[in-house]
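Undergrad: Residue-level listing of the chains:
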Amino acid sequence: METNLADVTIYIALVVSTLRMATPLILAGLGGVFSERSGVVNIALEGIMLIAAFMGMLISHFTRAPWLGVLAAVASGAAIAALHAVVCIKYKSNQVVSGTAINLFSVGFTGFMLRKVFEHAGQSPPVPKVADWTIPLIEKIPVIGAMIGKHTPFVYLSLIAVIISNFVLFKTKLGLRIRAVGEHPKAAETVGVDVFAIRYLCVLLSGALAGLAGASLSLGFLSQFRENMTGGRGFIALAAMIFGKWTPYGTLRACLLFGFADALQILSQTLGLTFIPTDFLLMAPYILTMAALAGIIGRSVPPAASGIPYERQK
Amino acid sequence: MPGAVLHMQRCLASVERGFLTLKESIGDPVVEMRDITVKFPGVIANDNVSVDVYSGEILALLGENGAGKTTLMNVLYGLYRPDAGRIRIHGEQVQINTPNDAIRLGIGMVHQHFMLIPPFTVAENIVLGVEPVNAAGKLDMDKAIRDVEELSNQYGLVVDPRANIDDISVGMQQRVEILKALYRGAEVLILDEPTAVLTPQEVDELAAIMRSLVHQGKSIIFITHKLREVIAISDRVAVLRRGKCVGTGETKNTTAEELAQMMVGREVVLSLEKEPAKPGDTVLRVENLHARSGRNLPALRGVFFDVKAGEIVGIAGIEGNGQSELVETLTGLRKSTSGHIYVNGIDVAHNQPRALIEQGVAHIPEDRQNRGLILDFTVAENFILRNYYKSPFARGINLDYRKVQAHARDLISEFDVRTPHENIPVRSLSGGNQQKVVVARELSSEPKLLIASQPTRGLDVGAIEFVHKRLLAQRDQGKAILLVSLELDEIMSLSDRILVIYEGQIVGEMAASEATEGELGLLMAGGHGKRGLDTERSERSGQYGQQIQEPLRTHVKPIS
Ligand SMILES: Nc1ncnc2c1ncn2[C@@H]1O[C@H](COP(=O)(O)OP(=O)(O)O)[C@@H](O)[C@H]1O
Ligand SMILES: [Mg+2]
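As you go down the protein sequences, you meet chains A and B in turn. Just so we're aligned: the first sequence equals residues 0 to 313 in numbering that gives the first Met the number 0. Just so we're aligned: the second sequence equals residues 0 to 559 in numbering that gives the first Met the number 0.
Among the clues, some could well be false.
Chain A residues, not near chain B, derived (Cβ > 12 Å throughout) [as the list claims (entries may be wrong)]:
hint, residue
1, Phe111
2, His119
3, Thr171
4, Phe234
5, Thr273
With the Cβ distance kept under 7 Å, some of the chain A side facing chain B (calculated, not the full set) [unchecked claim]:
hint, residue
6, Lys91
7, Lys172
8, Ala179
9, Thr189
10, Val190
11, Gly191
12, Val192
To give an idea of the interface, some chain A residues facing chain B are shown, with a C-beta separation under 8 Å as derived from the structure [to be verified]:
hint, residue
13, Arg114
14, Lys115
15, Glu118
It should be emphasised that the hints constitute simulated quantities derived from the structure, not laboratory data. Glycine included, every Cβ here is placed at the ideal spot set by N, Cα and C.
Model the full structure from these sequences, guided by the hints.
TA: The structure is reproduced here in structure tokens:
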């Protein structure tokens, strides 16, 4: 196939795809940031997204109100996260085991419910999705307008969430306390910070954000639920969080990079990149993450207390 | 009972000390702790303890390791909830369930292991939990920094509010901790073993700070296990032994000997008898040794020294100046980046630990629980960690457990290890007995060179005496001993020769008989022996009640 790299539509398609692919990663990645900054590893993001994508679809199907579906997705995300929180914070279980259990449960649960409710395997019928937003003036600008002027609301929400998250984590007292709890919970407790409350809050928040990420899949980019439609995005989001050094903006950058790798893979035919195996592009996020963890590209140091249950002594 | 001797009446404050005459003579107690009992599985950490603190005084809480001092203060600070007992503050009965309750009642605590968040700045650490915010709800770090500077000036506690905790000296970290309590309006300040991490000069400076604080109306509870500090610093003293309060009284009415006896529960010899050393051939020679720390920073920067047969060479220094890395490099646990280590003339700088063991190097590691023992192995198994692979314990691929157990029983009786039998996990032994297991294992191997790193850390007086005597006996048998310790007293009383390590280099060497604490302290702080400025400073800080306006020794990196 002929490729004309001077053709601006290719670049538009690249940017649009990158943003689309990055959006669920950004939302879930922010969830990971909050959870881990407070000291709780949340590898359940994947499962939470999947369940939320399903619940969002379900409510939108029955109410025909997609925004109600979004609300349901967020609420169900927070609810599953609450389960994770209780298991990890109250009962001090292994956080990775709890997360894995939720991930395994989510696949079975959504598959089962799909069959139960719609008597149909594989995918749900189409449901109303949330309408795209257009950004008034920007939309009119040539090229730029086509790139960023009109998207599903989730794209814009994810970017707004990055800005708010960064403000909360680094400019508010709540953020200072969250980071303190994730670094040295005992020190935080000795100055009167409620370690457990902060951790519950952050894990719930991470569930809500992962829920929003799930909604973006079934009610934003598609208008239906498909079995296992998250396809590992929850894990890529965690990778982005690590690659982004547990900061909102770092996570955003990593998600955009991973989204770009995805976009390249999607457009590889058009771009004449067929000499790169698509599998390699799919591997890229993980390879980059391992490189970051191993210290090859900028060392990533997790919050010191991440993954360690906090115990009051007596 | 020796405690009775000291159970005196509360009387008027000592009028001789000028600083107290300003206030009313001692009135009502600020803090009354009554019949506090705290039980942990297997131990009663506090057994019906009652202690009072009066306004404007320094109360020393004295006791051996494990006596229950920290536990008692954790109760007062709301970290532990006692099984029984009452607390009254200014005469009013209170419930202290969380540190927040304690803070509200004007109690502040500086923990033995600092409660600072390493990647945060000094100001962030000080305001955490009571952060100033502007009208928009945004964290107001500028105000935080201004507040910290103001407080810092008011109390003469010099800190750099913008520096990261990671980058400042231990002394400054301690001042940050004190400021943290003062920032929350603490009236009663608990200092848990504050002198453990300081040089003798810094201890003087801390004493001056404490004096200045009580002068400004604060009350201080000062935890220590060092008698000298009790005598020098406190107004009153309460002695804890095995969870019980065995005496309280005014410091000026007691003596170090009496306190020692109360603390330990029997007569103790405060000084160690030892013959002069008869050094023989050089056993260990270290030349221009370099090594990096776990964080990949230079930790040893050209170390030279030697240790001869029949002498104890002590390495003095403040924690974190390369001692751990030196010991690890000498025992094959850390790779040196350059330099030579000769044991009996053979260069072993690149040897694995087992090769060093075969060379006759024994090692008492500073962390017995993580390095010295495998806690879930039995006592008998821990005894053979050095040589399990050799006859008579190994037979082909099997271990001969009958021999292992017989060996264990021999060592248990020779080293007086208190354990029901040799087949219980070493985890269930007390700290002192765990250390005896390590010492027994290392000494029974008949080493030529013994490297002892903080061999008495966390032990009680009885166990300390035991370890010291064994080390001296080894010396007298002609072994070469390298002793690394953070306790200057231990270095001074055991060593024949003292080296001072500072920032990865040996910066001073002297015969133990000629060493003075002051001189060692200056070297440990990076000074070069006696010099005008430093002497002047320590004199000034020795005067009670005077504020220290000059910056103390710090390692502050410039902020980028
Ligand atoms: N959190 C805890 N859990 C179990 N035992 C403890 C705990 N804290 C202290 N202890 C035990 O209580 C006793 C007193 O300890 P501690 O108060 O730390 O002594 P000190 O501060 O006087 O050295 C020790 O035997 C110690 O092992
Ligand atoms: Mg203690």
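Undergrad: Look at each hint and say if it fits the structure.
TA: Verification of the supplied hints:
1. No Cβ of chain B approaches the Cβ of phenylalanine 111/A within 12 Å, the least distance being about 43 Å, so the stated non-interface status holds.
2. The Cβ of histidine 119/A lies farther than 12 Å from every Cβ of chain B, with a closest approach of about 49 Å, so its non-interface assignment holds.
3. Non-interface status of threonine 171/A relative to chain B is broken: a Cβ of that chain comes within 12 Å, the nearest being about 6 Å off.
4. Listed as outside the interface, phenylalanine 234/A is consistent with that label: its C-beta sits roughly 27 Å from the nearest C-beta of chain B, beyond the 12 Å cut-off.
5. Look at threonine 273/A: its CB is around 43 Å from the nearest CB on chain B, clear of 12 Å, so calling it non-interface holds up.
6. At a threshold of 7 Å, the smallest CB-CB gap from lysine 91/A to chain B is about 17 Å, leaving the interface hint violated.
7. About 4 Å separates the beta-carbon of lysine 172/A from the nearest beta-carbon of chain B, less than 7 Å, and the hint is met.
8. The restraint placing alanine 179/A at the interface with chain B holds, with a minimum CB-CB distance near 5 Å, inside the 7 Å limit.
9. Because the beta carbon of threonine 189/A sits about 5 Å from the nearest beta carbon in chain B, less than 7 Å, this interface hint is met.
10. Restraint check, valine 190/A versus chain B: the minimum CB separation of about 4 Å is within 7 Å; hint holds.
11. Below 7 Å, beta-carbon pairs count as interface contacts, and glycine 191/A has one with chain B at about 4 Å; its hint therefore holds.
12. About 5 Å separates the beta-carbon of valine 192/A from the nearest beta-carbon of chain B, less than 7 Å, and the hint is met.
13. Taking 8 Å as the C-beta cut-off, the interface hint given for arginine 114/A is violated, the closest approach to chain B being about 48 Å.
14. With 8 Å as the threshold, the beta carbon of lysine 115/A stays out of range of chain B, its nearest partner Cβ sitting at about 46 Å, so the hint is violated.
15. For glutamate 118/A, the shortest C-beta to C-beta distance to chain B is roughly 51 Å, which exceeds 8 Å, and the interface hint is violated.
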